[in-house]
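Next come the chains, spelled out residue by residue.
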Amino acid sequence: MELTTLGRPVAAVASELTLERRADGRLWAVRGGAERAVWVRRCFPWSEPARLVSLRDDEEREFALVRDPAELDPTSRRVLEEAMVAAGFVFEITQVTAIDEEVEIRHWRVETRQGTRSFQTRLDAWPRLLPHGGLLIRDVAGDLYHLGEPGALDHHSRALLWAFVD
Amino acid sequence: MSTDAHNLPHLHNLDTEIVARYTDQPPRLPAELRRQVEASWNGAPVQLYALADLDHALRLTQVWVALGPGRLAMARRVDRGEQWEIESVERARIQAVREAPGLSATTLTILGRPGDVPLAVLRYSHRQRRAFENLKFVLEEALEGRSVTAPDADAEYAASVARPMRDAQALVAGRRVAVIRRLLGYLAPYRRQLTLGMAAATLITLVSLVPPYLAGYVIDRVVRPAQEGRLDVGRAGAIAWLAVAAMALVYVVRQAAAVVRLRLMSVLGEWVARDLRAELYEHLQRLSLAFFSRKRTGSLITRVSADTDRLWEFLAFGVVDVSLSLVMLAGLGAVLVSLDWRLGLVMIIPVPLFCWAIYRHGEALNRAFLRVWRKWSRLTDVLSDTMPGIRVVKAFNQEAREVTRFGGHNDDVTDEINRLHGMWTTFWPLLMLAVHATTLGVWVLAVPRLLGGGPPLSAGTFVSFLLYTTMFVGPIEVIGQMARTMQRATTSAHRVFEVLDTEPEVTDVPRPVRLEPVRGQVAFENVTFAYDGVRQVLRGVSFDVAPGELIGLVGPSGGGKTTIVNLIARFYDVTGGAIHVDGVDLRRLETGHYRRQMGMVLQDPYLFHGTILENIRYGLPAASLEQVVAAARAANAHDFICKLQHGYDTVVGERGHTLSGGERQRVSIARAILHDPRILILDEATSSVDTETEREIQEALERLIAGRTVFAIAHRLSTLRKASRLFVIADGRLVESGTHIELLGKAHGRYRRLYEMQLQLQ
Chain A
79 MELTTLGRPV AAVASELTLE RRADGRLWAV RGGAERAVWV RRCFPWSEPA
129 RLVSLRDDEE REFALVRDPA ELDPTSRRVL EEAMVAAGFV FEITQVTAID
179 EEVEIRHWRV ETRQGTRSFQ TRLDAWPRLL PHGGLLIRDV AGDLYHLGEP
229 GALDHHSRAL LWAFVD
Chain B
16 MSTDAHNLPH LHNLDTEIVA RYTDQPPRLP AELRRQVEAS WNGAPVQLYA
66 LADLDHALRL TQVWVALGPG RLAMARRVDR GEQWEIESVE RARIQAVREA
116 PGLSATTLTI LGRPGDVPLA VLRYSHRQRR AFENLKFVLE EALEGRSVTA
166 PDADAEYAAS VARPMRDAQA LVAGRRVAVI RRLLGYLAPY RRQLTLGMAA
216 ATLITLVSLV PPYLAGYVID RVVRPAQEGR LDVGRAGAIA WLAVAAMALV
266 YVVRQAAAVV RLRLMSVLGE WVARDLRAEL YEHLQRLSLA FFSRKRTGSL
316 ITRVSADTDR LWEFLAFGVV DVSLSLVMLA GLGAVLVSLD WRLGLVMIIP
366 VPLFCWAIYR HGEALNRAFL RVWRKWSRLT DVLSDTMPGI RVVKAFNQEA
416 REVTRFGGHN DDVTDEINRL HGMWTTFWPL LMLAVHATTL GVWVLAVPRL
466 LGGGPPLSAG TFVSFLLYTT MFVGPIEVIG QMARTMQRAT TSAHRVFEVL
516 DTEPEVTDVP RPVRLEPVRG QVAFENVTFA YDGVRQVLRG VSFDVAPGEL
566 IGLVGPSGGG KTTIVNLIAR FYDVTGGAIH VDGVDLRRLE TGHYRRQMGM
616 VLQDPYLFHG TILENIRYGL PAASLEQVVA AARAANAHDF ICKLQHGYDT
666 VVGERGHTLS GGERQRVSIA RAILHDPRIL ILDEATSSVD TETEREIQEA
716 LERLIAGRTV FAIAHRLSTL RKASRLFVIA DGRLVESGTH IELLGKAHGR
766 YRRLYEMQLQ LQ
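Residue numbers (the working numbering), protein chains in the order written: chain A, 79 to 244; chain B, 16 to 777.
Heads up, a few of these hints could be off.
[To be verified] Per the computed footprint, the stretches of chain A lying under chain B, defined by three or more beta-carbons under 8 Å from a beta-carbon of chain B, are:
id	segment
1	97–106
2	145–159
3	180–190
[To be verified] Here are some chain B residues pointing at chain A (derived, C-beta under 8 Å):
id	residue
4	G117
5	G130
6	N581
7	I583
8	F586
In short, the hints are calculated from the structure, not lab data. Ideal Cβ placement from N, Cα and C applies to all residues, glycine included.
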């Protein structure tokens, strides 16, 4: 595994970096004598979501770059993967109930794995095609909505999405 | 505090309406919850609140987070009732607030003593982010010993949730009918032309019904009686020729009325569009900078150009076409039924079906257009990427790849457009087939009757009938497309009215003061300012500047320097404290008169499309040529202008792009010199030019600033050595002030550190 400290890459062995969830509820990274409360950012959230994770401190500086969580010890790996779930969270659309156009915006009503949600996009904000298939929709507030397999949705949803899917 | 929501109460109502209409969350903290929270706080008020909409398992939920003077409360509803589970934390226990942003969820951890269990862990989507940023800001300010309070917690919450929507959409109070009615109100000044135009259009509709009737009349009352010997041939000829003459007259009248209608309505539509454009542009000039920072320039330009044009189309033709098509359909129906009710019903009954089919076809076309639009935007993305970046394409030898990429998208667009063509080229022949089938139905019913079976039907009536049936198609088409016409017009009207309904946030008091002349004394008294939400970008800034002083504003980016000069120019009003110019509160001054005494030289000087002469004279159009040359000389611009083929009459392109950066800067300095301001603002005036040009500009600036109060922002500190005083602005505060020498004398001073860092870089 390669670690990067404050922008300076250094070669290191996996065992040097450990991660733990402490009593304060935060993720702590420990390497050698240094420890830092960190949060995680996936470097490639859509093309390689499970690898290359940047651990960043409260000052937005990178404390370490994890090339592959599998290289960490089992406890650290579990803690990191839990943190990655929150970091990579987007709404997962399971059904499209309605898409209406209003003045300058498109109004979406959807069912997601997280619950029923309404959101709005600009008329010229098209769903983005993801590298491994699926669509990503960004609403006006910046929230992201993932459609893993548009073709597997129910007939009504597919009919509504027809204009937005190749 | 939000500058929008508090200065303009109607915006608060609009924000509340947006939250209620477009989100699945309450537009404000439930009253019962507020009561319960405040009761648990011994009556202390809720000052600010937000809604955490994700739980720990990242499912949608609703947890209200309310902040009071001494406590922070988290509340969730129990069993969907009016009972709330409320958990309060003493603010004194909060030692840190940490935010972990994710793709679509942020985790906010509120920490107590190091190592202790967190006081709260909250998760929320980006929709709630602004409201939580406000909370975080207030908590962190409190940790620094500073107190920030929001005057209206409901307004802050609604504004923070509604803001992205308000920025994205033109929102105008009132529904479609109200918008159309308001739009039609613009026709009021042209009542006479409108009445004439409508009368002409009505005449066209009515006289169009005459020729088929005459045809039937001639056959039944002239031709057949003459053939059967019941009418004298000479008399029959006379009547027939009279009918032909009547028909000719009808056609002439019809076309004359068409000329009147087309000309009057198109001209009238243009007048209304002109009025709208003028009103819109005048209103845009009055609006504050805050509005322009919210809206994209392209969108504003479209409102003045394309939207008013679309409204012209609607007013000139849409209104008349739709109303007359309805009249025409009703008239045709009445005539057909009165001619022969059986055949009439055969023709009339399918009409709603045809209208519905056209409407559905329009909807299907809309969806197909959406696909075309989406694919078209991919194609134009390639163009807008590669044309400006053609040097990079060539440098990396990627021409073939770009051609392939373009080709793929080009094929996609073509396929999609062909699909569209396939739809309408199938639909219209099919529709016409259905219309013809109806006509055939008329024939099937009519033929036996013409041959003597069933109720009698004359040949003339039948011919009239057939001619009338051909007139059905046009109105059916217009009615079928009415929804789309109305939608397009109301969309444009919304966008236009949104601008017209926006009130300028900086306005003059009823009897404003004029300073004649402005001496240039500027005092900030504990000034605070926030562009949005409760996050202040200026936090209690105070200083006093004497007339003629040159003040250098230095400090890190985002510290508040530009905000200070924006406030001095009164582009915004302070949210706390006051600014005094020559002892008078800036808000009491007549803004236009005050700004005439003020000059600005910006980092990226803006030159308008026009000659150099017009640009230098922009603030003082009556200036003599000698004054212009003197100003240009003082600005070190005269020499380079004289080298240009057309001298001062050289036309500079959009934003002055035919001149170099240094040349444009010197023209803008000449413009400021001619304007002769008492207060001058220099915002990074020399930062984007080479050393030699900088020297020339610096010389010009020295001539410009003499005798004026000057606020100069510069990152290159060496350019501010001659400043009377330097103000170091960081994190929204005035952290140091003094002369260059005084500040360098401070062993651990911010200015000294900045200066030494720049020396090292050199």
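Quiz item: Quick check: which numbered hints come out false for this structure?
Solution: 2, 6, 7, 8
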